[in-house]
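If you follow the hints, you should be able to join the two separate chains into one complex; please do so.
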Amino acid sequence: MRAPDSPVITKGDVLLAVENVSLRFGGVKALSDVSFDIRKGEIRAIIGPNGAGKTSMLNCINGFYHPTDGSITFKGERRPKMRPHVAARGGIARTFQNVALFKGMTTLDNIMAGRSLKMRKGFFWQVLRHGPALREEIEHRRVVEDIIDFLEIQAIRKVPVGKLAYGLQKRVELGRALAMEPELLLLDEPMAGMNLEEKEDMSRFVLDVNQQFGTTIALIEHDMGVVMDLSDRVVVLEYGRKIADAKPDEVKRDERVIAAYLGVPH
Amino acid sequence: MASEAAAIRKPGLDPRAMTWLLALLGLAALVAVLTLATRTGVIGRGNLIYDVLVDPFVLMVQSPDLLVQTLWEGLVSGVLYALIALGFVLIFKASGVFNFAQGIMVVFAALTLVGLHEKGVPAFLALILAIGVMFVLAFAVERIVLKPLVNQPDIILFMATFGLTYFLIGLGELIFGGNPKQMISRELYLPQGSTDLQMFGGLVRLQHIDIAAAVIASLMIAALAVFFSKTRIGRALRAVADSHKAALSVGISLDQIWVIVWFTAGIVALVTGIMWGARSDVSFALQIIALKALPVLILGGFTSIPGAIVGGLIIGVGEKVGEFYWGPLLGGGIETWLAYMIALLFLLYRPQGLFGERIIERV
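Protein chains in written order, with the numbering used here: chain G, 331 to 596; chain L, 1067 to 1429.
Next up, chain L with everything else stripped away, as it sits in the complex (with noise of 0.2 Å):
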């Protein structure tokens, strides 16, 4: 009986915790151990324990200059990964249609300003051209595309975003042609240059385009979330993600709404394609970074704003951190498919994501 007792007085912890526990009391013994085989001189260079779980640390701490170089370039490149995926959880959310051409609408928003100041209109009557495209895209996808194929699965709206990819690189290309084009950051007053920062007995070089990246994303970031929860239209494109038979009852017009949401994402990929232009250049070959935003909205779950942006920095630093540490180990190259592993796994283990939206089911 006293045994009893106790045994349901003890059960203490939850079994998460206990998970975490055990996970760090692993972590912990992992380290020891490797800690006192180096020391001991049983493993070293060549040894490929050490190279994967020793030498990489070593050199972390060894060169934190280098360490601090490596995450402002991750934390740089996941911003701007972040400000993609933004791009097609907008979409996602009010219409669950996952737009393909998000990618593509990075590189016509940036072509087309690119290509409008070739043609001799001043940068920031160019710069207010471009949105207007952007706009006049939104109305008419809505119009041509999205109506039509009202009530259609989704797969359908999907192939139809297909299209429109096809449909945009032809345009883009007809209008401005296919050479990749310099970013005309000088004419939009974009910083130029870097600083050097002694740190850590070392120099840390920030380009200042990429403090303007960071900073211009988080400012947008933060507008759209206000915008998303304290106003009329933020509030009625989540109804309309919530239910759109409900939505319609309350006289949301789903047209409205669509046009409102296809707008937004497309300024976010003329601000993705201006900042991704100015550290490249601007070419068709930048859709492939949209393709990037997979793995982010894998990691952050596809109707999350808060999703992208961490699902970003996440990919972003995880892919430049590997890349420099554990990269040479398999001849380098590895930032490429890396984002696509850790999203393998989370699929495996945690498919809604980090912050995707459980379905609250009442049965």
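Excised from the complex, chain G in its bound form (with noise of 0.2 Å):
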């Protein structure tokens, strides 16, 4: 499905570099200036306090939101105003922060729904769903088992996921976003309201996503412990600007860091 010209990204390559990006809501700066990139293969944190800007920056890049100043590149393509399911398209999925499921469906069709784009047998075979629709749907069911495995969530497929409890909602978004099989995976507080149990075992599917699948991961986290565990590389935004942009633990030791998250003393 991708472009014949577009170019091979290998390991350690910019997969997606953000320039010079801002973002003004009426007067309100929710991003000034930010430049940043994601290598293909590495886990890049967004830290910063509340307020700083993370989950704009992130909305920014899947097109929720167009930067108002500034340009982001993916795959070396310049994109100024990408919609959402463009995004999707070229390879974009995401996590929400406060979990945003199809709380009717179960978890199977919610995680099946996250192969829509990989599904593109037309509307007439979907409407008799017979033939190559239906051989489709059977081929994409696999993979969708495959993704349940992987996450341990069997227990609860045929579940409405309204119903479950907060932590495996979390998974079965997960699961939704792996759906895509995407080049780019985006989770916005993947282990937020979780117990310590579940901190370990969303940490340990983070990173088996990055290293069996090789999918390249941005997250935005608070647990710090967490960040600098699983991170390669971390970005620190406050009130919308970049303060700084390193690995883990030279940012642990930066002294505007410090201060951004515990102030300095007067």
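These are calculated hints, taken from the structure and not from any lab test. Every value quoted in this text rests on a predicted model; they were computed, and no experiment measured them. Yeah, the Cβ is synthetic: ideal placement off N, Cα and C, and Gly gets one too. Errors might be hidden in some of the hints.
To be verified - Restricting the straight-line Cα-Cα distance to at most 27 Å, the calculated cross-link-like pairs of lysine-lysine (DSS-like) are:
1. L:K1311 to G:K448
2. G:K411 to G:K448
3. G:K582 to G:K370
4. G:K529 to G:K370
5. L:K1213 to G:K448
6. G:K411 to L:K1213
7. G:K359 to L:K1311
8. G:K529 to G:K493
9. G:K493 to L:K1311
10. L:K1296 to G:K448
11. L:K1296 to G:K488
12. L:K1311 to G:K411
13. G:K582 to G:K341
14. G:K493 to L:K1296
15. L:K1311 to G:K529
16. G:K488 to L:K1311
Said to hold, decoys possible - To spell it out: a stretch of chain G is covered by chain L in this simulated footprint if at least three of its residues, at any positions, have a beta carbon under 8 Å from a beta carbon of chain L; those stretches are:
17. 418–426
18. 432–441
Below you can see the structure in the form of structure tokens.
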């Protein structure tokens, strides 16, 4: 499905580049002049105090918001006003801070919905639910079952997700994103509201996804322990500005980052 | 202590079953008292209690053929109400818009079909063209009405469908004129005439077109149900209904889904228009029947396809039976408002309808 002329990006190359991005809502500046890049195959963390613009940044990357200034380049292609479903088509999947699942549908249907883009049999066959459309449905069902096994959620396959505990909902949401076989996976606080055990499970899944499938991951997270363990590089935002961009242990020692989190002694 | 233990063990029936049991017992007692009163001559014809609570049932038992006829007619109009309600439900589910224009879409679709035929287009070509027109309409609505109003409050979108209603009335009159037209049932090979069935010592008359309407509507509803639950697009439709944000993030295009939904609602409107038009005629007065979909939706719940069907049948049967057996007491004509009364009662006691989605909220 990919355009033949799009460049081959190997591990370590820049997959997504954010250049001088600013985002304003009326008088409020959510992001000012932020630049960083995400390299293929890495786990990139975006951290910062509340209201720093982390989620706004993700929303810009997957097209929910359009930057007021600056540009975002994905796979070597600059897209000024990318719509979310186009971003998804290009290989960007995401999860949400406050889980956004299809609550009335089962776990299985939710993850199948993630395959929407991979299923391309026409409306006509769909209506008949016969021939190619049925074969396609079965084939994708197999992939989805693999994902369910991977995330260890076999027991809740047929449960409407609205009834699941929060931690499980987060896992289903990850499953739906994985079903898209994304090149870039955006995770918005995947561990928020979880207990220690659930956090450990989720960290393991994130690492496994990165290592087994080679998926590039950008995640927002507040739990510094998790961030330091998982990520290869960290971007730190504060009041919509980038204040640091380095490896985890360097970020930990950065004066400005410490000040942003703990305040400066006066 | 002993009595306490007994009290703990005893509760047995849950309050819900208790309510039902009490209601049943009450009903049985009422029937017994009324029977006794009638037998002993305490109440009789002319007495209000007798006329309302006894006489209609006596009539039902005495001439079951009339009852069957009434029920059948009720079912047929019920199926057609269900079809109209289905059009509303489809759009409401996918876009949260209550489409006031659904009624006029029924008229417009039927009018296009008949009007094209009048202008000399062969019947089946006219049918295909009418389907095409419904697609163009769906596309135009998405582009011109929905898209610019995306993220506006629901009431704005609702008002926009009012505008659409008047636009379609104007357009329909402009192109095809405002006179009632005959549905081209014969040219579409819809069955005509009727069959009389010997039943319970009387005749029950079944119009063939009614049978066809019931069959076609059932097939259509079944097909839609499978389409919604088992295909990618169906899943995408449900996904959009649940969460726009999440649907966008997995690459479902809202524009495309809206066109599909409006197109499907257009097809449903066309079928309804053909069937209803074949029973009376095709005129702008038809849109009034679309308002009957409101009580159907209140009964069935705005988001439920089975609800639309069951609600349609209840309203259809309810108003025919009410008209035939109780109508004379009020001087007749209660068919026109009975449905709304039923809906009103439902709003008081079960506002989410019979099948409406209970919102699952984890606290």
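The hints, checked one at a time:
no. : hint              : result
1   : L:K1311 to G:K448 : holds (19 Å)
2   : G:K411 to G:K448  : holds (23 Å)
3   : G:K582 to G:K370  : holds (24 Å)
4   : G:K529 to G:K370  : holds (25 Å)
5   : L:K1213 to G:K448 : holds (26 Å)
6   : G:K411 to L:K1213 : holds (17 Å)
7   : G:K359 to L:K1311 : holds (23 Å)
8   : G:K529 to G:K493  : holds (21 Å)
9   : G:K493 to L:K1311 : holds (20 Å)
10  : L:K1296 to G:K448 : holds (16 Å)
11  : L:K1296 to G:K488 : holds (14 Å)
12  : L:K1311 to G:K411 : holds (17 Å)
13  : G:K582 to G:K341  : holds (26 Å)
14  : G:K493 to L:K1296 : holds (22 Å)
15  : L:K1311 to G:K529 : holds (25 Å)
16  : G:K488 to L:K1311 : holds (23 Å)
17  : 418–426           : holds (count 5)
18  : 432–441           : holds (count 5)
Checked against the numbered hints above, the structure breaks none of them.
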